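K.L.:
17 is the number that our numbering gives to position 17 of the sequence shown; each next residue is one higher, with no gaps.
FYI, nobody ran anything at the bench for these hints, they're computed from the structure.
Any given hint might turn out to be false.
[As the list claims (entries may be wrong)] DSSO-like mimics (lysine-lysine), calculated; alpha carbons at most 27 Å apart, straight line:
#  : residue 1 : residue 2
1  : Lys512    : Lys669
2  : Lys92     : Lys105
3  : Lys237    : Lys408
4  : Lys36     : Lys105
5  : Lys831    : Lys754
6  : Lys24     : Lys36
7  : Lys221    : Lys105
8  : Lys243    : Lys105
9  : Lys840    : Lys754
10 : Lys243    : Lys221
11 : Lys237    : Lys221
12 : Lys542    : Lys512
13 : Lys669    : Lys542
Only a predicted model underlies this, so the values are computations on that prediction, with no experimental measurement involved.
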Amino acid sequence: MSVRNLEALFQPTSVAVIGASDRKGSVGSVVLRNLKLGGFQGPVWPVNARHVSVGGEQAWPDIDSLPQAPDLAVICTPAATVPELIAALGRKGTRAAIVLTAGLKQPAVKDGPSLEQEMLDAARPHLLRILGPNCIGALVPGAGLNASFAPGNAQPGRLAFVTQSGALATAMLDWANSRGIGFSHFISLGDSADVDFGDVIDYLASDGGTRAILMYAESIKAARKFMSAARAASRNKPVIVVKAGRAPDGARAAASHTGALAGSDAVFDAAVRRAGMLRVDTLEALFDAAETLAHARPWLGERLSILTNGGGAGVLAADALELGGGRLARLSEQTMGGLDQCLPASWSHGNPIDIIGDAPVSRYQDALRVLLAAPDVDAVLFMHAPTAIVPASDIALACLPMMRESVKPVLTCWLGGAAVALARQSSAQAGIASYSTPERATAAWLQLLSHARNQEALQQIPPATLEDFTPDRAQALALFEQALHDGREWLDGAQAQQLLRAYGIPTIETMKVSDVEEAVAAASQIGYPVALKIVSPQIIHKSDVGGVALALACAEAVRAAAAQMSEQVMRLQPHAVVLGFTVQAMAQRPGAHELIVGIATDAVFGPVLLLGEGGTAVELRKDHAVALPPLNASLARDLIAQSRLGPLLAGYRGRPAADEQALLATLLKVSQMACDLPWLAELDINPLLVDERGVLALDARIKLRSVPAGEGSRLAIRPYPSMLEERVQLAGHYLQLRPIRPEDGQRLMAFYAKASPSDMRLRFFMSRREVPHSELARYSQIDYDREMTFIALATGESGELAMVAEVRAICDPDNLRAEFAIQVASSWQGKGLGRLLLDKLTCYLRERGAAEIIGQCLPDNRGMAALARLAGFEVSANPSQETVSLRLSLR
Numbered sequence: 001m002s003v004r005n006l007e008a009l010f011q012p013t014s015v016a017v018i019g020a021s022d023r024k025g026s027v028g029s030v031v032l033r034n035l036k037l038g039g040f041q042g043p044v045w046p047v048n049a050r051h052v053s054v055g056g057e058q059a060w061p062d063i064d065s066l067p068q069a070p071d072l073a074v075i076c077t078p079a080a081t082v083p084e085l086i087a088a089l090g091r092k093g094t095r096a097a098i099v100l101t102a103g104l105k106q107p108a109v110k111d112g113p114s115l116e117q118e119m120l121d122a123a124r125p126h127l128l129r130i131l132g133p134n135c136i137g138a139l140v141p142g143a144g145l146n147a148s149f150a151p152g153n154a155q156p157g158r159l160a161f162v163t164q165s166g167a168l169a170t171a172m173l174d175w176a177n178s179r180g181i182g183f184s185h186f187i188s189l190g191d192s193a194d195v196d197f198g199d200v201i202d203y204l205a206s207d208g209g210t211r212a213i214l215m216y217a218e219s220i221k222a223a224r225k226f227m228s229a230a231r232a233a234s235r236n237k238p239v240i241v242v243k244a245g246r247a248p249d250g251a252r253a254a255a256s257h258t259g260a261l262a263g264s265d266a267v268f269d270a271a272v273r274r275a276g277m278l279r280v281d282t283l284e285a286l287f288d289a290a291e292t293l294a295h296a297r298p299w300l301g302e303r304l305s306i307l308t309n310g311g312g313a314g315v316l317a318a319d320a321l322e323l324g325g326g327r328l329a330r331l332s333e334q335t336m337g338g339l340d341q342c343l344p345a346s347w348s349h350g351n352p353i354d355i356i357g358d359a360p361v362s363r364y365q366d367a368l369r370v371l372l373a374a375p376d377v378d379a380v381l382f383m384h385a386p387t388a389i390v391p392a393s394d395i396a397l398a399c400l401p402m403m404r405e406s407v408k409p410v411l412t413c414w415l416g417g418a419a420v421a422l423a424r425q426s427s428a429q430a431g432i433a434s435y436s437t438p439e440r441a442t443a444a445w446l447q448l449l450s451h452a453r454n455q456e457a458l459q460q461i462p463p464a465t466l467e468d469f470t471p472d473r474a475q476a477l478a479l480f481e482q483a484l485h486d487g488r489e490w491l492d493g494a495q496a497q498q499l500l501r502a503y504g505i506p507t508i509e510t511m512k513v514s515d516v517e518e519a520v521a522a523a524s525q526i527g528y529p530v531a532l533k534i535v536s537p538q539i540i541h542k543s544d545v546g547g548v549a550l551a552l553a554c555a556e557a558v559r560a561a562a563a564q565m566s567e568q569v570m571r572l573q574p575h576a577v578v579l580g581f582t583v584q585a586m587a588q589r590p591g592a593h594e595l596i597v598g599i600a601t602d603a604v605f606g607p608v609l610l611l612g613e614g615g616t617a618v619e620l621r622k623d624h625a626v627a628l629p630p631l632n633a634s635l636a637r638d639l640i641a642q643s644r645l646g647p648l649l650a651g652y653r654g655r656p657a658a659d660e661q662a663l664l665a666t667l668l669k670v671s672q673m674a675c676d677l678p679w680l681a682e683l684d685i686n687p688l689l690v691d692e693r694g695v696l697a698l699d700a701r702i703k704l705r706s707v708p709a710g711e712g713s714r715l716a717i718r719p720y721p722s723m724l725e726e727r728v729q730l731a732g733h734y735l736q737l738r739p740i741r742p743e744d745g746q747r748l749m750a751f752y753a754k755a756s757p758s759d760m761r762l763r764f765f766m767s768r769r770e771v772p773h774s775e776l777a778r779y780s781q782i783d784y785d786r787e788m789t790f791i792a793l794a795t796g797e798s799g800e801l802a803m804v805a806e807v808r809a810i811c812d813p814d815n816l817r818a819e820f821a822i823q824v825a826s827s828w829q830g831k832g833l834g835r836l837l838l839d840k841l842t843c844y845l846r847e848r849g850a851a852e853i854i855g856q857c858l859p860d861n862r863g864m865a866a867l868a869r870l871a872g873f874e875v876s877a878n879p880s881q882e883t884v885s886l887r888l889s890l891r
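Based on the sequences and whatever the hints tell you, model everything.
P.N.:
Below is the structure:
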């Protein structure tokens with residue numbers, strides 16, 4: 001489930017309190033009081049089997065006796081009573097319940113299902129949604145709803161706060177009230193047995209009263225649903241999260257380096273970046289970020305200028321910016337000249353721009369005007385420390401109108417207390433973010449920077465397969481099948497090299513042998529010098545037991561190394577079964593960088609990719625980065641940037657730069673392995689040599705997993721569905737029909753630009769000359785988990801593929817209803833292309849399990865109505881809305 005019946009949870013017209021009580025301090029008493037004091041306007045029905053009245057009002061003995069089905073029930077009774085109460089509410093017709101009770105993880109009877117599972121089983125037939133159990137409840141101040149046992153009410157506002165911690169919820173509510181921070185929704189999820197983060201994010205994303213979504217998270221369930229909801233919400237409003245558990249509580253045992261390095265917190269960071277959200281470290285930063293992002297101008301770039309009347313404050317801000325990974329704007333000669341004309345000769349002549357402490361109002365205005373017009377400046381941090389020269393309020397009065405009218409983001413920092421209080425208040429009233437210290441102002445800018453970078457990652461929907469590259473997937477599957485048939489959890493070294501070669505990753509020549517003499521023969525065939533490595537299912541890290549010998553120059557050296565290895569293994573791991581050796585050619589790549597590239601499996605987000613410095617001391621190195629597959633070239637470059645390998649690979653002191661394209665290609669191929677091969681549990685390519693000649697995988701460890709029957713995709717983000725591509729012939733032309741890709745944005749713009757004014761009016765229900773870039777990006781960069789757009793491409797006069805039609809559908813989060821729209825280029829109308837695309841979309845949605853397709857068209861769009869009738873749609877007029885409704889049942 002997702003948003004189904006959540007209106008009853010957060011916008012109820014009636015509420016029943018099950019377990020309402022007059023006993024002072026009891027949960028039932030506090031909930032009843034909060035509902036009354038919160039201003040809820042609908043009926044509130046106390047339910048208590050032992051009292052005829054509670055709180056001075058009539059009480060009902062049970063759910064069946066209630067005058068009608070309440071929209072929402074709040075359950076405050078012992079854990080053992082909850083499943084039957086949920087069943088009774090479902091029979092009554094209630095569609096939402098808040099279960100405040102804890103202790104539902106215990107079994108109802110010995111060796112039986114938990115009370116929580118019985119509760120869910122009772123709710124499912126009635127589609128009754130449950131918040132909790134073990135939660136504080138929910139507050140919606142705008143609706144007068146305080147269905148919680150929090151010690152007080154929330155003030156109305158436009159921030160939604162969602163938390164998994166009940167104790168934190170009450171503390172946060174008190175903290176926010178003391179600072180005048182209001183909420184559209186204040187939601188405690190508790191154990192999230194039913195309603196979870198994904199559901200609530202989906203609901204709040206479309207709530208017009210919510211300006212930003214703030215979350216405190218401890219764990220995430222249903223990664224695909226969470227990522228899909230977060231990606232959709234982040235396109236509309238800021239989604240900001242604090243997550244507990246950033247510091248590791250000890251190294252997690254893992255057989256591969258990748259599994260050990262890709263900790264869950266690093267994976268959560270990667271998920272936040274990919275979903276376009278923002279992660280902050282503290283609750284205070286959560287609210288700072290909400291205010292900063294909610295008032296921010298459109299993002300123009302990372303180059304920040306700092307305008308200040310105090311050199312020390314400017315240096316503090318610049319230091320904080322550099323340490324946080326930000327970037328000062330480098331002022332051009334033109335900008336420097338403009339500042340020279342309006343500032344005294346003693347100004348700082350650099351960024352930060354110190355306009356000197358005796359600055360009058362006009363100097364602030366003139367300098368700010370230059371920076372707002374400068375093409376080499378993307379944003380301005382405006383800082384002022386109080387002086388006796390001019391009141392801060394006068395500076396604010398003169399400069400705030402310029403900031404309001406600016407297309408560039410402007411942040412203000414009014415240093416001090418009472419002397420700048422009025423200036424801060426004026427900034428707030430003008431909708432300009434204001435901060436009390438240079439560090440806090442810079443932290444706010446870095447939040448904007450992180451959010452912008454994450455939004456860029458959000459726009460990336462990579463393909464599931466690489467263009468111009470087809471792996472030998474059949475060989476990969478054969479390797480897995482043989483290993484699983486043999487009962488082995490790990491591929492041996494030679495098999496691992498075969499798998500890498502199947503995916504186009506360069507490897508060194510490797511031969512597997514069973515004894516010493518075969519090793520000598522293999523070495524002679526490969527050519528000396530060689531490397532010799534032990535093969536044993538029980539030995540994963542061969543170097544730890546002396547199982548690797550390098551640069552063996554002759555047969556005797558191979559024999560001696562093999563004997564020594566066998567002796568070492570018998571002494572250090574006597575239970576290990578030695579199956580033989582692998583013999584490898586020695587890589588002659590002096591000066592090459594040793595990296596690690598791998599795949600690990602996260603318990604929540606599924607396969608994750610890792611990149612960092614490799615070698616035998618890989619765990620000691622800190623610069624490792626993780627990302628969620630699938631990747632494209634842009635995301636692969638971001639992974640390299642996250643790993644901080646860029647300067648190392650760029651070349652230094654006469655050392656040539658490494659072949660970045662070869663490394664990018666390798667990352668993309670490993671990403672494709674993560675998408676293609678559900679049997680792959682962990683992969684280490686360590687070391688992967690990278691230099692100016694390309695890449696070379698010296699060693700790889702690959703751990704397998706059995707795939708349960710019926711298991712769906714483990715990927716948290718659905719990749720581009722290349723299996724939906726097809727080539728058709730129509731009206732004497734060959735057409736490509738396929739899902740839209742992010743890189744189709746230019747084609748989409750050209751498609752709309754060539755459309756007639758009439759076609760654009762019929763498509764968008766209004767006259768429009770062009771579609772804004774932000775809208776084009778939204779249309780071409782879709783989430784394939786809940787949206788689908790099929791486009792038709794034909795070869796144009798210039799030989800380029802041009803877009804000639806589109807059909808798109810957006811499914812609701814419950815996959816019940818899909819809303820569609822279609823447009824065909826004028827020159828292709830009347831040739832059957834619209835019917836072809838609509839049939840393709842209908843077939844896709846039916847296979848996806850959607851219940852119905854709906855759409856609308858204008859009454860004069862007779863062609864659309866005729867196409868819909870031909871495809872089996874019901875077509876009916878909506879006189880009040882001046883539209884025509886289109887509906888097709890798929891079940």
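K.L.:
Now look at each hint and say whether the structure bears it out.
P.N.:
Right, here's what the structure says about each hint:
no. : hint            : in the structure
1   : Lys512 x Lys669 : holds (25 Å)
2   : Lys92 x Lys105  : holds (26 Å)
3   : Lys237 x Lys408 : holds (19 Å)
4   : Lys36 x Lys105  : violated (31 Å)
5   : Lys831 x Lys754 : holds (18 Å)
6   : Lys24 x Lys36   : holds (16 Å)
7   : Lys221 x Lys105 : holds (16 Å)
8   : Lys243 x Lys105 : holds (23 Å)
9   : Lys840 x Lys754 : holds (24 Å)
10  : Lys243 x Lys221 : holds (14 Å)
11  : Lys237 x Lys221 : holds (22 Å)
12  : Lys542 x Lys512 : holds (15 Å)
13  : Lys669 x Lys542 : holds (26 Å)
This entry does not satisfy hint 4, going by the numbered hints stated previously; all others are met.
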